[in-house]
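Those protein sequences? They're chains Z and X, same order as listed.
Its first residue numbered 1, the first sequence is counted upward by one per residue in the working numbering.
Its first residue numbered 1, the second sequence is counted upward by one per residue in the working numbering.
Read the hints as simulated data drawn from the structure, not as lab findings.
Careful: at least some of the hints might be erroneous.
[Stated by the list, open to error] A partial selection of chain Z residues facing chain X, derived with a Cβ cut-off under 10 Å:
id	residue
1	Y33
2	G40
3	L48
4	D61
5	R63
Built from N, CA and C at the ideal position, the CB exists for glycine as well.
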Amino acid sequence: MHRRHFLGGIATLAAAGPLATPALAHHWTDIPYRLGVTPGLRILVAGLQATGQFEALKARDRRFTLFAPTDEAFRRLPARTLNSLFEPANRARLEAVLAYHIANGAVDSSQIVGRRVNIRMSDGNNVQADGTRTPVLLNRSARVIAADSEGRNGIIHVIDAVLMPS
Amino acid sequence: MIRKTALSLAAAAFVATPALADDIVDIAVAAGSFNTLVAAVQAAGLVETLKGEGPFTVFAPTDEAFAALPAGTVEGLLNDIPTLTAILTYHVIPGAVMSGDLTDGMMAATVNGQSVTIGVGETVTVDGATVIAADIEASNGVIHVIDAVILPQ
């Protein structure tokens, strides 16, 4: 009896959250939230958290495009490269590499498929997207394996290789 | 404070009435280390299901496992019930599957519809999450405790 009462209490508490803040529900669909609930992106999330870019991607007044390399993509890098990227002394390098995966503004696949486009990334370098290929190929090396995961403040495309700024 | 008191009551009830068969939810509540999971199951409206006949196998992430998700993820999920439900049902397999029944590389279809991949080596893993306590038997199934939240595609 006590237990049942207790469970009822929790139900009320949990239900009160979303009901009390309907306007905020939308907020949670931002890029960091989408990354948190997508499997296989733990290394990317760890990197973005280490550099502070994870928080920056929560911005409500901007939209982003994020090319998100999977854990497998990171593990395909030479072990030395991957380890070195995640050394605290190399935070600036990690931030630069991750910045090369983020564009200002939302680019969905309809803007890429069927054509070749250069996308200017937030580090100032371009990513060449070849939309005449299926799946779409980036910099002739990374394939888009899940396109158009859309959040409130942008779009995530999951890719199978880490992009390296030249 | 209220929650702590309620938990002690639940624990007391558990100890006082060993003959009463505790279901999966009762056990998770009484354990005290699955508060986030229990709140999530409540929010998703899955309590009645998990108190139902079953049997079910539940891979139960600890509070620490939920806390290891990126900041804001759990709050986000409580405001995104369809995704929360998809994730929670991905932790449940129809039928009672004991750890001894698991084999390396086995795919097990979850209530979500997608399958988890089992690994059996020095430890048992589910989609890479480690089973840290196995074969906790409930009246309507079995609980295996895992150290990470697993995510469907």
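How the hints compare with the structure:
1. Y33: holds (4 Å)
2. G40: holds (8 Å)
3. L48: holds (9 Å)
4. D61: violated (18 Å)
5. R63: With Cβ-Cβ at 18 Å, over 10 Å, it is violated.
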